[in-house]
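Enquirer: As a plain string of letters, each chain reads:
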Amino acid sequence: MRVARVELASALAVAAIVTVVAALAVVRTRHAALGATQHQGPAYTHLHAARHLAAAASPGSQAFLFVGGLQRSGTTWLEALVSSSETSALSFENMDLGEYVRLQPWRLQNHTQSYFEMVARVGGVEGKFVQDVYPYTYLVRDVGRDGHTIDSLLPASQAAAPDAAARLFKQWSVWWDTSKQVLLEKTPENLVMGPFLQSAFGAHRTRFVFVMRHPLVWALAIEKWIFPEFGALRSVEDRIAFWFDCMSRAASQLPQLRDAILLQLEPASVSADVQLAVARHIFCRDDAANRSTARIDGSSGILSSSLAYVTCWLSGQEFRASARRCGPRKSYRDPAFSASKPDRLGIENGWRLHQIMVQREVQANQYGYTFKPFLKLTKLPVGAVQRVRLNAVDQVQQLGVVTNNWLRVRSSLRPYLVVPPPGAKVNSFHTPPPPPPAFPATKHVLVVYHKMGSDKEKPTGMDMRMDQIVGSLVALQMRVHFLCQCDVDPSQLSPFGYGVAIYFGTLEQQYNQATSATRIDVAYVFFTTLTMSVHQRQLSSERDWYLEPAEPLPEERVVSWLRKSTDACIAAVADDIHYLRAAEVLGHLDAERAAQASIWIRRRELAFHESVHSVLTVSLEDAASLRSVLPLVTAAPDCRKRCSCSLLWVPYTHEAVQENAVQPFSQRSDGMLYVGGMHGLAVKAMQWLVQDVQPLIARSSPNGKAALQSGGTGHLYLVGPGWESHVNELGAINRAVQLGHVTILGTLTDVQLNRQLSQLKVFVAPVFNGTGIATKNVMAMSSGIPLVTTPVGLQGLGLPTGQTAVLTADTPEDFARSALGVQTSPEHFEASWRGALAHTKQYLSAQHQEDVLCGLMKLARRETVPRRREDAPICSFGSSHGRTPLTTAGAVVQSTIAPSGNSSSAVVVLGLGGSGAPALAKSLQGSRVCLVPEPLKGMERASMAAQLDHLRSLLLEPAYCAVRHLPLSPSQRSCHTSLLASPHTARCLEIPPPAPRSSRCTWTAESLRYRALRSSWRPPPPTQRSSILPRESAPLSTS
Amino acid sequence: MSTTASRVVVVRRCNTISWALQLLLVPQSCDDTGACADRDKVDSSRYLPPARLVAKLGECRENEASLRSLMATVQLPQLSISFETTLQFQNEHRVHSMQQVSAFLRVPMTNSPSMPEADWRVPNMLELQDHFASESIERQQLITRSKLSDTKWSCDTRWDAAGQAACNDGRCVASAAAASLTANIASVQPLMAIGAHSVEGGSAALFKVFVHLCKAVLTPKLGVRCAYRSAYEGCDPASVDLCFLHDARFSEGRYSSRGYRYVHVRRDPADLIVRSFAREYPNATHTFNSSALLEGVEAQARRVLAEGLHEMAAAIESHAADRSALLLRIEDLTSPTSANATLTKLLGFLLGPRAVPHNFVEELVASAWKVMAGAARSEEAGAVQRAHLLKLLQKRPLKCSHVARMQSLLDYPPMKCVERAGVQQKPPQRHPAAGSAAGHRRGLRQTSDTPLGSLLRRQRRGQRSATALTLHARVLMGSARFRFAPAS
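Line by line, the protein sequences give chains U and V.
Under our numbering, the residue at position 548 of the first sequence is numbered 548, and the numbers go up by one with no gaps.
Under our numbering, the residue at position 413 of the second sequence is numbered 10413, and the numbers go up by one with no gaps.
Since the hints were derived computationally from the structure, they do not count as laboratory data.
Some clues are possibly wrong.
[Said to hold, decoys possible] A few chain U residues facing chain V, derived, Cβ under 10 Å: (1) PHE227; (2) PRO228; (3) GLY231; (4) ARG234; (5) TYR332; (6) LYS341; (7) LEU345; (8) ILE356; (9) GLN359; (10) VAL908; (11) GLY916; (12) ALA919; (13) CYS930; (14) MET939; (15) MET944; (16) LEU954.
Every residue gets a Cβ at the ideal spot worked out from N, C-alpha and C, and that includes glycine.
So here's chain U without its partners, still in its complex pose:
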């Protein structure tokens, strides 16, 4: 597969369905070193002792784990959760009494001994008390006092002096058992001090675990610590405002932290899965449950007391945690309502809650909370509110945690937030781990991936293909165990969702964890980086880059382990034929040595493919090439007994647009579009285009050379990274740019690229190398723009010979003729994109990929799978295997000419208050109409970043929309041709909800929901998202 940077097509940014396993995905970088030290060996004790000695002298090799969260948010619970025999928290247990008296630690921050000891008794020894490096702050008390703000009270990260860590360590170490590997410090204010602590102790030694609680519940729970003199937190509303202030600060700091987890207390407190996932991450091993000293369970004590805080407040009283019942409020809290009138106060509080919801609901949604369940309580009689108890089925939702509509969680928080998986029943919180998935996994599949490079923001085509295959496996109810030989954290490759387990440590450690956790049925080993690794050696001027490395490749190692320790069926997933591709890629710089390299590459590559049961190629052409050189393996004993031994094409997929979302010919502009990063082969192709093809277009066009100028049929728009910065080195391309024949658009956002794809008339992709697949072609075909490419560009697309859906030309004349023809003939244009789109939907779709994998799985085990409806097998081989894509494309073109009349564009109706936007929204039919009666309504008090994030999400993520207009009744849906008799509205168009794809495999409800989510919403990568609203100084694209 070509390594074209395909960040422009952001399919990799799949839905962040944050599961229990995704709790691990919050980790931004693996802490391999820590994991490595946890393997106890014979020398372990000595090692510890040595480390202890070293640590006593200086901040040694320990890791620091900082726990934070607002007071009364469950920080003590969290501290217990992450404590183990390998951690040490600040504690009196580690302090000698004589030393305590001598040091008088309470004096460090000018406290009295009695106060210090009283606080320590309640919440343990908090680090902020026993140090004098940064000023002591009790945020709840100090904010607002003497005009102090949060910022003025907390040290900035730059304020961390060079000796801060040493001094802090010295003062804290007397409270720690420094022989432990992980030193734990809990201070509530750590929530907003992450950058300072990370800066002081070093990014690679610090980790953070934070917890938050529902803002209303927190505001009530903290009330008993609020006295009249705490000026800024007098009322519930003040405290809720304070909560948002702190949380928005914490959220904005999270991306700066290398390793941080933010938990919602409510689901985490009842979900053993989440607790285990957190513990597993902290201790970097799978048996974390055994190591944690915390009781990992699913008791709902925290939930019930949280609910009681609200119900008591709504009935005009306050919750007495010690007595577990409501009691009269302190008179000075609500003096306007005497204690004898709780009903009056209850009504008042109900009114206030309504106001809070109006002002804060949208903002709360950004953190995965809602006030709505509490508002329902206000409709009950005051006496009945007190009697409300937790439901058996939806406890977490009852506490105002957004679980069923998780997409509304603030996008910037998603990678860090642990929330229950969508659709998870409360029962799943109580089930002991493992296995994590809620739906029964039919098979356990090992996926082994090798990722080179650390540019997480630019997923390669191979990353995307891996993500597609993992997604398909999950959709097929497989439990995926993901091993990664990565330079980045696996979670950065894809926000893996439900059904994917990620492991930590070295590849071997990951393998051991996965295989010890379960029996692996099938293994998919991606064999994709051989060419790149040699190329990298070549580029780094390694002297013997072309020689065969002595050590085995990571993929080879995994296969040998699998062969030794399991009876799993192994499939190699190839993206290219490396020995052919290497000669081209490496030959640019040194053809002779490239030829030498390709010899051993060929040997190793074929040997690898022979060592596995199946090989999955990215194109039919690759499959054919390999078939000609690989021996027939289906006669092997394994293949007869257990495994599917085949050489299969597993298509590269792309989500296709709806046909009626495709911009018609008349509304498009002339011009040719090319998408791809600047690399050697692409430069060659573009030079061919500007030197050989464009002059011919100018000659054929009635406008002559004017056709090459912007807006003309021969003008080329270049999209992709690298072109702009290297244009001066590109010779012919540079001249064409100067002449105005080429416009370099550079890297575009998803939306910008989409706009180009829908506004220009032709996509050109001259492809000259011979293996793999041009992912850009798949993107063009699935976007509804006619594609003109070379015959080589058809590889991997599965198109039949003689097809007409994709225009092919191997000479400049033909290429120019095709590019011009499709821009001048509406019929030609129409037939081309429709045919290509139909082919994409049928053969380059996730559904087809799943069918292929489904077939492979069935053969893989040759065992009777559980029967479902009408005794149909889960994986029905039948006609899906009998499909012959080479013969059907033409028929598809014919069948799809009739318009379907559907659109997938989200419709946003926006206006200011009183502008009548709701009236217009009411008149629109369809479930994708998002009504924004007032942008930023309910966000007025949020930070600017949160406001813009909210607006961005509203406009770009239909699922985020809170006020969705429901579809009209059939009577309302009738067309009013008298009013709307126009070509566009002569028929009733309807935007359907995303329908689950049908498959020959049967699905459980969970997997269907998962599929629906995956197919209906995929966020682009963060950097691309953020550019939708341009940065302050960024020039705006008005194209």
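Once you have looked at the hints, place chain V on chain U.
Expert: Coordinates of chain V only, in the frame set by chain U:
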């Protein structure tokens, strides 16, 4: 491509005056989802001060400009439509506009998307129209404030083009536009609240003053919306700017998000007790004999101490450290020597950070004096009778000591109680502002002894006759107001 670009339709109001009127007059009640469904209802009977309309007009124009800037930074297909041509009137423009929207969105539409045509008649509509037709100062201010020339007063139909052009100049910054869009909400002036403790606490006099001030100055000049509340009813901060609370039931949480300036007016507890008694039984000193009066005053003291005074003390404690609250004495307001200064202090505090014309507070004070003298006189009425009742209260040592303690707590000089053998007066407590909160709460606990408990204790001690106790119990349990039997 994972997502298909959204298509955005922006609905705008071109008739800004109509838009501003609608926002001012339509109730803003919202449902659970935050959507306000009742906006179609128009309260056409409300007098609208031109100042308010001017302020709202400026806000509308600024919001419109901000939205334009904001949407110009969003690179999505968008179309702007006008409310007036698309949704309001049934004419050919509407059909054309609807077709345009439908074609743009490729979404079917019903033929009845409309807002009920609003009837914007207000009692002073003609006055408003004349005001804006003329070259009034407000009009000039509005044009200056919105940085719009007169020619651009009507709706600018070039939404996209104009927005893009503006942004090409580098003037469109998303964050600035968003900040501007939310600034009007964020910059709402704090609500002004005044609370007194019922008629006997001085609310009648204050009420007269503020009714006059609202009518004569605050509403016409500042557009302040005044509301007057009794019992437990609070004001809606969204629709009220000055909230007068007869019973000082100030629920600060409800105003917290908007901000508030609260003036709490207290009264001497002993005075409050005898005033409440005298108000309830106007001619009691002439009608009843001394022993009956004594019983009555004591019962009244018990009741007031348990309810009104308890709330007053709790409110004072609650707001002791509240910088948004000011504690005043009604006595200072009605005293000829300190009234002027106290009134100035009160009004100055209430207006707080509000931008007001020069010498505005002095103007308010001068205006208040038109009713202040009369209000003060009515406050003084019945002084002789109250003095008599006070003397009776002093004769009840237990109750008197309670009252004295409460007086000390509320920063009043404690009255002298007539000492009797075996009854010892407790030393007075300090005012909460002078001591710690904890000490103050301790004091409150001591004074919040429940009347029934105290009664039962005394019953156990046998200090009262059975008849008297029954009478007390009836009063204290609130079953009925204390009724005097005619002296026989």
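Enquirer: With reference to the structure, classify each hint as holding or not holding.
Expert: Consistency of the hints with the structure:
no.: 1; hint: PHE227; result: holds, 5 Å
no.: 2; hint: PRO228; result: holds, 5 Å
no.: 3; hint: GLY231; result: holds, 6 Å
no.: 4; hint: ARG234; result: holds, 7 Å
no.: 5; hint: TYR332; result: holds, 4 Å
no.: 6; hint: LYS341; result: holds, 7 Å
no.: 7; hint: LEU345; result: holds, 8 Å
no.: 8; hint: ILE356; result: holds, 8 Å
no.: 9; hint: GLN359; result: holds, 6 Å
no.: 10; hint: VAL908; result: holds, 4 Å
no.: 11; hint: GLY916; result: holds, 4 Å
no.: 12; hint: ALA919; result: holds, 5 Å
no.: 13; hint: CYS930; result: holds, 8 Å
no.: 14; hint: MET939; result: holds, 7 Å
no.: 15; hint: MET944; result: holds, 5 Å
no.: 16; hint: LEU954; result: holds, 9 Å
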